[in-house]
Structures are given as structure tokens and as C-alpha cells.
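Listed below, chain by chain, are the residues.
2 protein chains.
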Amino acid sequence: SLNVKDLNGKHVFITGCDSGFGNLLAKQLDRRGFHVIAACLTEKGSRELLACTSLSLKTVILNVTDSSSIDNAVEFVKQETDGEGLFGLVNNAGRATPMAPTDWMQIDDFHTILDVNLMGLIEITLKLLPLLKKAKGRVVNVASVMGRLAFVGGGYCLSKWGVEAFSDILRRDMQHFGVKVSIIEPGCFKTGVTSSEVLERDLLRLWNQLTPEVRESYGDKYFYNSLVGVKGLVSWCTY
Amino acid sequence: SLNVKDLNGKHVFITGCDSGFGNLLAKQLDRRGFHVIAACLTEKGSRELLACTSLSLKTVILNVTDSSSIDNAVEFVKQETDGEGLFGLVNNAGRATPMAPTDWMQIDDFHTILDVNLMGLIEITLKLLPLLKKAKGRVVNVASVMGRLAFVGGGYCLSKWGVEAFSDILRRDMQHFGVKVSIIEPGCFKTGVTSSEVLERDLLRLWNQLTPEVRESYGDKYFYNSLVGVKGLVSWCTY
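Top to bottom, those sequences are chains A and B. Heads up: the first sequence begins at 90 in my numbering, then just goes up one per residue. Heads up: the second sequence begins at 90 in my numbering, then just goes up one per residue.
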């Protein structure tokens, strides 16, 4: 069996626990007896998670684009694990927008995604390596099917390709120390990342900021078809 | 024949022309009659290139990690092409260090490479798209064999994986407008990027900044073997 034995006292740190996969995983591992340390972006997310989990689950507020917020969370994990090291790190925090034709993007639209999905994931991981090595723990990085294929404009695919490369290198670099590294490549699931409302609102924002020349070169029909396309894609996602 | 006909008046903008591939390409395209606009990082690089090329080759100083430097270069290209648009953009500028086990890295070591090889390349490309669309031009991005495999720690592989994903998306997004997008995936060639001296000096810098615990967990022998490995890798590169 692939089940982990002797869960008591094993600490797992999960990022992005406000909703979606991270939230579900935090609840599930808490029920199974792990000591879950759940990083949430918002106080609201933290409160709601604490309200429906055991007393052993702890939360910490974490914005992965802010180095001092990361340092604070790492210090919290250090104190919670109290010399035992970290059994598991699940890098789940991520965002999907902006997602649109490359032509509609500015460089900051790429930074917005890469700072969370790639640089944030790397910084958290680097700073938790000493605790992971101590416990001969494991890292699970949430990549995506879009870490293998590149089919929507913007930083999302790039960030996930980067996660795949980083994870593969980390896996080899950590093997000697007994730290395992895995990736998960979800397809299309209904989470906050695939919210039709968020994707459509962001498409509209990008469309409105285009120069008249670029907007005309695509045309209104293209824009409306994009909205229809997003709805179609999202409706195809599974729960 | 795959040769381009009627080269006269065709403008090609190449980044990273101080040395290596960019320098060789600028000279070769100049000899063939293209109007080359060669972006150099340094005044020295620019002077040396101008000294051995025709009067039609122009240089511009460009640091791809600096948005205002990019804006300046884009304005220069706009004026040089004078309403004709840009026939070709070759995104060649890049760096390879720091390159070492993940454990030896800090987050800034990743930023150092990604800012040049990925974000710089994207920002240049986005800002030149209007001129490229005007001329139904082409983009050639210098990726790497390490854009397909991930085998050295640090940001290099990640940056090249990102270039592969970005290029593939851009290729599809630009097809309608007649702009072609290609990548080049060099193996190991002797250029500034594979300078044994630079790679070794940087390994030493990283080694010296490790905590005593991490340094001991690798051991002096590992470090010396890394230096030998770098020499071996570089000696295997071709001219």
C-alpha cells in the first residue's frame, strides 16, 4: 500500500489553502491525523478553515510574492515543527490570470503570474530545504497540464513549465539527502483558478487597455468569441 | 532554396551582440546586406562591432533588465526602420550563471538569470510586436538544449523552458498576422555563456556564502569535483 504509516506528529505545510485544492487537501490531511500547517492568503480563508478543522491544524498568513511574508511563514513552520523537521511541503498556491493572446499583454501581466506560481514557489522551497532535509521529507509541487503544453497566452504556461523544470532539478539535487520531489499535473478542474467570472473580467480589462489599432486588428467578434471560449473551457472542467 | 531574397532595406534587430552568437550573427547578416541593428550591453562591445562592420550596421546600448533601456532601444528601432516595420528580431541576449546545486542558491540567484533570459526577452518582444506585424516579420528566440532537459541547478534551465513555452504560444498568436516565430536550441558551444572562468568563479562565490551546515553536508570533495565537472563540460563544447 502507498499509504503513509504512523501519521502522528508528521507536519505538512500547504500553501494556498483559502480555497480549491489546497483547502481540500488541508481538510483531508487534518482528518487523517497529520499536523497540517495551512498557509492562507487572507484572514477570511484562515478563519473559515480553522472553523471546520481539528485543533491540531494551524494556519499562517502567507503572500508568496513577499519575501518578508515568506520569512515569517518559514519561522512559524520552524517553531511548529520544533526541531523535528518538515515531513511535507505542498506548493499549491497559484493564479491563472491574466490569460489572453500575447498581443494583449504587457510585461507586468507576466510578472503577476510568474511571481506567484514560479518565483514564490521557488523561494518558499529554498527557505524550507533545511527543515525538509532534517526530516528526509518530500516536496509536492502543483504544476499543470499546461506545464507540458503551451496553449494560452500570458504567464500561466511559462510559470508551469518553469515549475516542471525546477522540480526535476530539485528532485535530483535532493535525492542524496533523502528528500523526495513530486509534481501533480491537474487538467481542468473547477477551482478559483478556473472561475469563469474572474477570467472574463480580466479579458475585458485587457481588451479595454489595448491601443485602437490592436483592438481593430482583432475585432469585436474575436473578443466576444474569447468570452464564449472561456465559458466553454470552464464548463468542460470537472469538480 | 531557403535563402532570403532581396535583402536590401530589410532590418534585423539582434540582442546580445557584444560577443558570442549575437556578435557572429550581426557580422554575418551585415556582410549579406541586411540592415543590422545590433544591441550591445556595453559601449566596448558596440565600439568593437562598429569597427569591423559596414556603415549600414547600427548599434544601440541595451540592458534587457531595464524597461527604460528597452523603451530607448525600441524607439531607436522605430526610427531606423522609418515606417517600414521590422523584418527580423533575434532574441539572443542571455546569461548562464549562477549554475550550481539548488541548495546553494538564494532566490535572487534565480531572478538574476530569469530577468535577462526570460522577462527581458518577453518585454523586448511585446514592445516590438507592432513593428513586426507591420512588416510581417519573424522572431528568432535563442533557447537551448536546456530548454528541453533540466539538468543543472539555478535559473538557466527554467528560463529556457520558459522561452520554449513563450515562443510556442507567440508562434500561434502571431500566425494570423503573418509573423513567424522560430527557436534555436544550441547544445554546448564555446561562447561567453560557457566560459569556464566565469562558471568557476561563480561556483566559488556560492560555495563561500553557504552556511557551515550546508557546506559540510556537501563536503570539500564535492566542491572540487564540481570545478572539475565544469572544466570537463566546457572542454566538451565546440567552437
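Watch out, some of these pointers could steer you wrong.
Under 10 Å between C-beta atoms, here's a sample of chain B residues computed to sit facing chain A [to be verified]:
| hint | residue |
| --- | --- |
| 1 | T131 |
| 2 | K249 |
| 3 | E253 |
| 4 | S306 |
If you are wondering where the hints come from, they were derived from the structure by calculation, not from laboratory data. Since this is a predicted model, take the numbers as computed values, not measurements. Every residue gets a Cβ at the ideal spot worked out from N, C-alpha and C, and that includes glycine.
Structure-based check of all given hints:
| no. | hint | in the structure |
| --- | --- | --- |
| 1 | T131 | violated, 24 Å |
| 2 | K249 | holds, 8 Å |
| 3 | E253 | holds, 7 Å |
| 4 | S306 | holds, 7 Å |
The structure fails to meet hint 1 from the earlier list, while all remaining hints are met.
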